[in-house]
Amino acid sequence: MDPKRARESPESAVLSRPSAFPDEVLERILSLLDTHKDRSSASLVSKAWYHAERWSRARVFIGNCYSVSAEILVRRFPNIRSVTLKGKPRFSDFNLVPQNWGADIHSWLLVFAEHYPSLEELRLKRMTVTDQSLEFLALKFPNFKSLSLLSCDGFSTDGLSAIATHCRNLTELDIQENGIDDISGNWLNCFPDNFTSLEVLNFASLNSEVNFDSLERLVTRCNLLRILKVNKTITLDQLQRLLVRAPWLTELGTGSFIQELTPRQYADLETSFKGCRNLQTLSGLSEATALYLPALYPACANLTFLNLSYAALQSEELARLLAYCAHLRRLWVLDTVEDKGLEAVGQNCPLLEELRVFPSDPFDEEIVHGVTELGFLAVSYGCRKLRYVLYFCRQMTNAAVATIVRNCPDFTHFRLCIMNPGQPDYLTREPMDEAFGAVVKNCPKLQRLAVSGLLTDLTFEYIGTFAKNLETLSVAFAGSSDLGMQCVLEGCPKLRKLEIRDCPFGNKALLSGLEKYESMRSLWMSACKITMNGCRLLARKMPRLNVEVMKDEESNDGQSYKVYVYRSVAGPRRDAPPFVLTL
Amino acid sequence: MDFQGDANLKATELRLGLPGTLNEPAKQSPPSKSSKRASLEIYDESSSKKRETSSSDVDDRDSTAPPTKAQIVGWPPIRSYRKNTLQPKKHDADALGTFIKVSMDGAPYLRKIDLKQYKSYPELLKALEIMFNFSIGDCSERDYYMGSEYAPTYEDKDGDWMLVGDVPWNMFISSCKRLRIMRGQEARGLTCL
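Residue numbers (this note's numbering), protein chains in the order written: chain A, 1 to 583; chain B, 1 to 193.
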């Protein structure tokens with residue numbers, strides 16, 4: 001037994017009852033605990049449990065990379081194999097955070113190399129990752145298996161080459177929607193000929209062409225491959241050849257779905273799809289048209305997740321496809337399907353739990369198209385189990401939302417984006433307060449809410465009064481006064497993340513949350529009425545919070561700030577760039 | 001958020017005043033914070049009279065041109081990757097503008113052809129004949145498609161179904177949205193025109 005642990009046992013023996021489990025047994029039991037929440041709870045029971053839990057923990061999730069330091073992490077958890085880290089504030093996805101803000105993975109990797117040499121998995125979201133870091137990762141961690149990068153930036157396909165070349169035990173390479181330098185597809189050629197362990201490969205969001213022969217050989221020799229998502233440069237007939245090699249895929253992302261196929265090629269494609277009996281998730285389908293979609297039909301029987309958010313389908317095309325997808329639980333579409341397409345969703349997918357409707361033309365105001373309140377209504381009548389919705393639209397009414405949440409009271413995530421800021425109910429011209437009031441009143445399980453449209457403080461009074469399980473709230477162009485934000489801070493006991501932009505909330509509102517912010521992960525406010533003095537006061541009163549201020553470049557009065565407030569046991573961050581002022 | 005900071009915006013901004021007159025920002029500009037809050041304060045009063053005023057404020061505001069969304073940073077909230085992936089689609093559509101669907105009555109699936117590849121009607125018809133393995137007969141100026149049970153038709157920009165061959169070739173390829181090779185009774189009706 002490790003001498004460090006021997007030293008700790010006498011202490012725990014004193015505090016716990018004499019007939020307690022031996023540490024090893026306790027550890028074994030606690031190692032069966034899966035979720036981070038459960039493990040956190042277990043670690044609070046007693047010193048014995050705290051130590052047993054920390055020795056047995058293999059996977060750690062850090063929702064804000066600045067809330068803790070790598071040094072503190074490795075001190076508490078000596079045996080970590082898997083690290084999940086989230087970096088920048090979510091609004092960085094929408095260009096509200098300047099470049100070089102931070103959240104660089106490298107300093108973490110240096111510490112991991114020393115303390116977690118057996119690290120197997122790294123899952124990063126909104127972090128900065130350089131090629132140098134990727135190469136370091138590939139060379140220093142011989143057991144490394146699984147890399148997932150979502151919405152990260154700072155690397156190029158050269159970094160992926162390093163991973164492919166050196167990670168002999170790689171099982172997962174998942175590259176999603178990153179701001180990367182797509183130099184070439186050569187990285188795919190870097191997997192050695194004797195490399196066969198790949199189970200998950202997702203390069204759908206990379207644009208450069210890969211060598212198809214390399215890909216085909218890779219797919220052929222990796223017979224554990226269950227998730228394959230290729231990019232747009234892969235053609236239909238190439239896809240067909242891949243499917244023949246890997247018919248047992250559970251998740252498939254197709255390449256481009258447009259090509260002139262001969263009847264023979266089409267028949268082969270259809271046959272290959274018929275052979276995919278295990279398909280649960282389907283995505284890609286860029287430029288898919290009615291012409292070849294029918295080839296997919298045989299593969300849809302077991303589909304639970306269909307991601308059409310990069311396929312500009314029309315309503316009839318979607319309707320015909322959905323007729324084959326009765327078991328669908330999650331559906332992502334573009335608003336090109338229009339209300340009529342969503343009616344088909346309501347008619348064909350009774351098991352649907354999640355719907356996301358993305359805008360195909362978010363900046364075009366000339367043409368009236370997309371989805372309206374009618375489409376959402378139609379879905380709510382047919383899909384009573386709906387619990388997660390993300391809906392981009394150009395018009396909405398209070399009455400429609402009230403009906404929708406009456407039909408579907410199980411919402412846990414309700415994200416409605418009326419794309420014109422501050423737009424009222426288009427029929428009554430009233431604010432959309434009652435809509436969101438209905439949501440919080442009818443959906444007691446609501447965890448995440450994003451509001452939009454013309455909203456007064458009343459919306460936030462409703463939220464503070466009824467949304468007792470709310471954890472995440474996103475607000476833009478809404479509210480009338482400080483009271484709005486105050487209601488939320490005072491009324492939502494489980495609030496963890498609050499992000500606000502372009503609202504008339506000022507220092508009074510900011511300071512009303514003094515007691516609250518330490519129980520939250522973070523607060524973001526930009527283009528509001530906060531002043532430097534308000535931020536300074538907050539920082540002074542709450543020394544355990546990091547209060548970071550950036551000048552708002554987009555504002556004209558020179559007095560608008562972007563404020564990011566978060567709790568941390570690591571103190572103010574040491575890597576803040578010059579434009580971030582830590583108070 | 002003040003949308004009028006950028007000089008270029010002013011030049012393209014839609015306004016109610018005469019060109020050249022200086023603006024009345026509070027009224028005409030799109031949801032600028034000050035005007036929005038003003039009307040919202042009116043909303044907080046429960047008096048119905050004020051409500052009418054406020055709703056007409058809202059109407060006025062909506063009747064003027066709101067800022068294009070490209071002017072508001074980070075709105076609507078979609079990731080850059082998605083924005084960059086979907087936007088180019090418009091240009092692609094233009095570039096592919098001459099690919100059209102071709103259907104033939106009775107055939108199990110459709111085909112697509114690039115009209116740009118053909119320089120005249122006879123060329124196009126010949127290609128169709130090969131593609132669908134049928135015969136359309138001779139196409140002469142007066143006796144369209146005599147002796148054939150097929151008639152090639154196309155949908156034009158207005159959504160009307162027209163017989164192929166009436167208009168000059170260039171006009172045809174710029175207005176043709178899709179082709180349908182009709183067959184049987186319907187076709188004979190056309191060929192007897």
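There may be inaccurate statements among the hints.
[Said to hold, decoys possible] Examples of chain B residues toward chain A, derived with CB under 8 Å:
| no. | residue |
| --- | --- |
| 1 | V73 |
| 2 | P77 |
| 3 | R79 |
| 4 | S80 |
| 5 | W169 |
| 6 | K177 |
[Said to hold, decoys possible] Take a look, some chain A residues computed to stay more than 10 Å from chain B by CB distance:
| no. | residue |
| --- | --- |
| 7 | S69 |
| 8 | A113 |
| 9 | S151 |
| 10 | E177 |
| 11 | M419 |
No lab work stands behind these hints, which were simulated from the structure alone. Where a beta carbon is used, it is the ideal one built from N, C-alpha and C, also for glycine.
Item to complete: Please write out, lowest number first, the hints stated earlier that are contradicted by the structure.
Response: As far as the earlier hints go, 5, 6, 9, 10 and 11 are violated by this structure, in ascending order.
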